Every structure is written in C-alpha cells, then in structure tokens.
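Peer 1: Sequence:
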Amino acid sequence: MRTTRALALALLLLCPLAQAANWTPGAWKDEETIELQTIGPEEGEYWFPVWLVVIDDQVYVRLGTRAAGRVEKNKTAPYMGVRIAGQQFDRVKTTPAPDMAEKVSAAIGAKYWSDVFMRYFSHPLTLRLAPEPQ
7 MRTTRALALA LLLLCPLAQA ANWTPGAWKD EETIELQTIG PEEGEYWFPV
57 WLVVIDDQVY VRLGTRAAGR VEKNKTAPYM GVRIAGQQFD RVKTTPAPDM
107 AEKVSAAIGA KYWSDVFMRY FSHPLTLRLA PEPQ
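Quick note on the working numbering: the sequence shown kicks off at 7 and runs consecutively.
The hints are simulated quantities; they were obtained by calculation from the structure and are not laboratory data.
Only a predicted model underlies this, so the values are computations on that prediction, with no experimental measurement involved.
Hints are not guaranteed to be accurate.
[Said to hold, decoys possible] List of simulated lysine-lysine pairs, DSS-like, C-alpha gap at most 27 Å:
| id | residue 1 | residue 2 |
| --- | --- | --- |
| 1 | K117 | K35 |
| 2 | K117 | K99 |
| 3 | K35 | K109 |
| 4 | K99 | K81 |
[As the list claims (entries may be wrong)] Pairwise CB distance ranges (calculated):
| id | residue 1 | residue 2 | range |
| --- | --- | --- | --- |
| 5 | A112 | G50 | 32 to 40 Å |
| 6 | G115 | P55 | 16 to 24 Å |
| 7 | D105 | W34 | 28 to 36 Å |
Glycine is no exception: its CB is placed at the ideal position from the N, C-alpha and C atoms.
Build out the structure end to end from the sequences listed, making use of the hints.
Peer 2: Following this line, the structure appears as structure tokens:
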C-alpha cells in the first residue's frame, strides 16, 4: 500500500514534466490571441493579450503604443513570458522586426475582420517571438 501511494505521488509530480510546453508556431496559426508578460519597474508583472500571426513558421505580433511602451520598459528584456493555446513559456526572446511590419500588418488584416478599424491606430512595434535557445 505504501509503495502504491509513493508511486502515485511520483507520477503526479512527474506529469507536468511530461506535458512540457512545445514551441510549435504552425499549430497556432488559427489562435486568436497570445498573452505577453512584461515586468514593469512600477507595476511589476503584467499580462496582456494581443493578436498574432504566423509567417514562415515564426510568431509575430504588432503592438500599439501602450503595449510597445510596456515592452520598452520591461525589466526582463529582451525576454518575456508568453501564454498561448493553454501553454506557458516563461522565457521567450522578442526581436524587433521592422522589416516585417508591412507583411505582418497585411496578415493581421487578412486574419482579423476588426483590423478594418484597428489599422488606423499607431502600431510602432512589430516583434518576432522565439523561445530561448536550449
């Protein structure tokens, strides 16, 4: 009986390891939002949702002025936390991708109908997201 309990406890503790998050951009192309985490100097941890697109198996986000400001003040830059499709990644590298801004904007316009209105707001920062190399 004692061995059975110990085995059950060990399995419960190991289950999260077996279900570790996998960075699979192709699987997320139809996801509506991705959540980004910044650590601000005054407010601390802050999670916020943004639209995403997957282009050439890379995840991109287009950020408005407020979100771009959060990223610029992020104490863990160039890394941030990411939540997508029920998975969480604690250390994702963000790389500014101004060369992809037009392509990302066009992809967002094709994916999200309400971009008809949102495209007229300022979006000063386009980011490529990638997991921290192992």
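Peer 1: Run the structure past the numbered hints and jot down the numbers of the failing ones, going up.
Peer 2: 7
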